[in-house]
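Note that the protein sequences, when read in sequence, are chains X and R. According to this note's numbering, the first sequence is numbered sequentially starting from 1. According to this note's numbering, the second sequence is numbered sequentially starting from 1.
Treat the hints with care, as some may be off.
To be verified - Derived DSBU-like pairs: lysine-lysine, alpha-carbon spacing no greater than 35 Å straight-line: (1) X:Lys212 with R:Lys155; (2) X:Lys215 with X:Lys236; (3) R:Lys67 with X:Lys212; (4) R:Lys137 with X:Lys215; (5) X:Lys260 with R:Lys102; (6) X:Lys184 with X:Lys109; (7) R:Lys156 with X:Lys196; (8) R:Lys33 with X:Lys236; (9) R:Lys103 with X:Lys220; (10) R:Lys37 with X:Lys253.
What the hints assert, rightly or not - Okay, the calculated bits of chain X under chain R, using three or more residues with CB under 8 Å as the criterion: (11) 20-34; (12) 196-204.
Just so you know, the hints here were simulated from the structure itself, not pulled from any lab data. A virtual CB, placed ideally from N, CA and C, is assigned to each residue, including glycine.
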Amino acid sequence: MQPKDGTMKQIINSKHLSTLIFILMVVAIIKIIWIAISLLFLPKAGENYQEENRVKKLYYRVRLNNASTHIAPINHIKAPTAPKVSSMSGYKLLGLYNSKKTLVVTVEKGRKTTILSRHEKINGFELISAGANYALFKKSGREFKLSLNKVKNTMPSATKPTRKNSTLKRQNSNKGIVENNGVKVISRNLLTSYTKNIDKIWDDISIAQNQKNGKLNGFKINYVKKGSDFEKLGLKRGDVLMGINNEPLNSLKAAMGFFKKINNIENLTLTVERHGKSEDIEYEIQ
Amino acid sequence: MQMVKRIVGGFILALLLLWLFAPKQELYYLVEKSLKKQNIIISNETIKDTWMGLKIENADIYNNGIKMANGVNLNLVFLFLYAKLDVDNVNINEAFHLMAPKKIDTLTATYSVLNPLNILLKGEGSFGTLNGKVALKDRRVEVLFPSPKELKTIKKFLKKDATKGWYYETNY
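Just chain X, same shape as in the assembly:
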């Protein structure tokens, strides 16, 4: 049986139908617009932080001076028995490295420093062998012994420097920054005091980012308080701190990375650009 036209009109009102179709059309248009915008202009993936695969450069600082405490006695090197040794006046043995294959010493005469390996000569003195804290030279058939930090032929005992060092460590931990044989030694307590109280840093020093071609290129020192620890470190106004321990300070992350590990470092080398020249200032932390 066919329904009458009037019944049909009641079930599907043409006015409502047209409104519904209009809404669906709007939905479809909006969706199409968004799809088009999305395909053409919007990124498909977000940004994720990529941890830089920065392999840390191998960084060693070998201080030859006063190295006797760090160099283990090498048994296989035969020191001449009862050598007829003489002193080498005017010469100083600043450093010594002695292993199975390698023997390197640093000798100072006057203001000139020379590095010698086995069988190399300085003014006719040939380096022939070494002990834990002395080096043996030969000249005109005679042997000469040069001890670390001593001009005259006296053998310092192995325990003495250790004791000195431990005393020094204790002194340093109280004094802050002291100079030992030309090397500035910073007490760890001093470092810790700065890491615990950061405001103290900004009382003593003022630094600002140094930009080069829109990129961070070290930190410029604008102010160093007179008599402060930073002045004792040798930092000066106008210096640009370019790197720490051979790592360039080219990002805030690098600076923060150093700050995080400052309590665990044993040596500190600041690379500073001063009057257009780059210099390394070295410190020991004890």
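Starting from the known structure of chain X, fit chain R onto it as the hints suggest.
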């Protein structure tokens, strides 16, 4: 009159549908991209489309390559006449504990057409509570700390006033 009603209704409906069907995730990626230009990266987050907004969970926030905060949750609700951004669980990187508050539990920014020139701010964290506003016309942010904790850490950012107490103020 009928025609006007239809046009207004259609317009509101179109706006609603426009937002409802918007590819919010992709729009969020666009925001991320522009933040990256300012060296801010939101990383490792989970994104959920909530029809009228967007939920971002467990995000790590980096600034200039330094991780500033982790585990951050953001919830954005946008209803044209009213918008709300909830930020919670902001754990500030340990390295900044001496310079900034340790944790922000909640931070809410609300915008309503009833107060069109201001975005209202409310928050709670290890620093105590905060409330303030972003004055859009004056381009000024003012945040009051009625009962600040960890004052030693945040003091350097704040000013003190006899009536307002401790407050933070900056122009952008």
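Item to complete: Starting from R:Lys33, check that the Cα of X:Lys236 is at most 35 Å away, please.
Response: violated (40 Å)
Discussion item. Checking one constraint from the list: CA of R:Lys103 to CA of X:Lys220, max 35 Å. Satisfied?
Written reply: Roughly 32 Å separates the two Cα atoms, so the pair holds.
Fill in: Holds or violated: R:Lys137 to X:Lys215, with C-alpha atoms at most 35 Å apart
Satisfied, since the Cα-Cα distance of roughly 33 Å is no more than 35 Å.
Discussion item. Does X:Lys212 sit within 35 Å of R:Lys67, going by the straight-line distance between their CA atoms?
Written reply: holds (24 Å)
Discussion item. Holds or violated: R:Lys37 and X:Lys253, Cα atoms, limit 35 Å.
Written reply: Roughly 17 Å separates the two Cα atoms, so the pair holds.
Worksheet item: Given the hint that R:Lys156 pairs with X:Lys196, does the C-alpha gap stay at or below 35 Å?
Response: Roughly 16 Å between the alpha carbons, so the hint for R:Lys156 and X:Lys196 holds.
Worksheet item: Is the straight-line distance between the alpha-carbon of X:Lys215 and that of X:Lys236 35 Å or less?
Response: holds (23 Å)
Worksheet item: Does the alpha-carbon distance linking X:Lys260 and R:Lys102 stay inside the 35 Å limit?
Response: holds (16 Å)
Item to complete: Three residues minimum, CB to CB under 8 Å: does the segment 196-204 of chain X make the cut for coverage by chain R? Let me know.
Response: Result for this restraint: holds, n = 4.
Worksheet item: Counting residues of the segment 20-34 of chain X with a beta carbon closer than 8 Å to any beta carbon of chain R, are there 3 or more?
Response: holds (count 7)
Worksheet entry | Hint consistency between X:Lys184 and X:Lys109 [alpha-carbon to alpha-carbon, up to 35 Å] | Within the cut-off at roughly 23 Å; holds.
Item to complete: Could you grab the alpha-carbon distance between X:Lys212 and R:Lys155 and see if it respects the 35 Å cut-off?
Response: Cα-Cα ~33 Å, so holds.
Hint 8 from the earlier list is the only one contradicted by this structure; the remaining hints agree with it.
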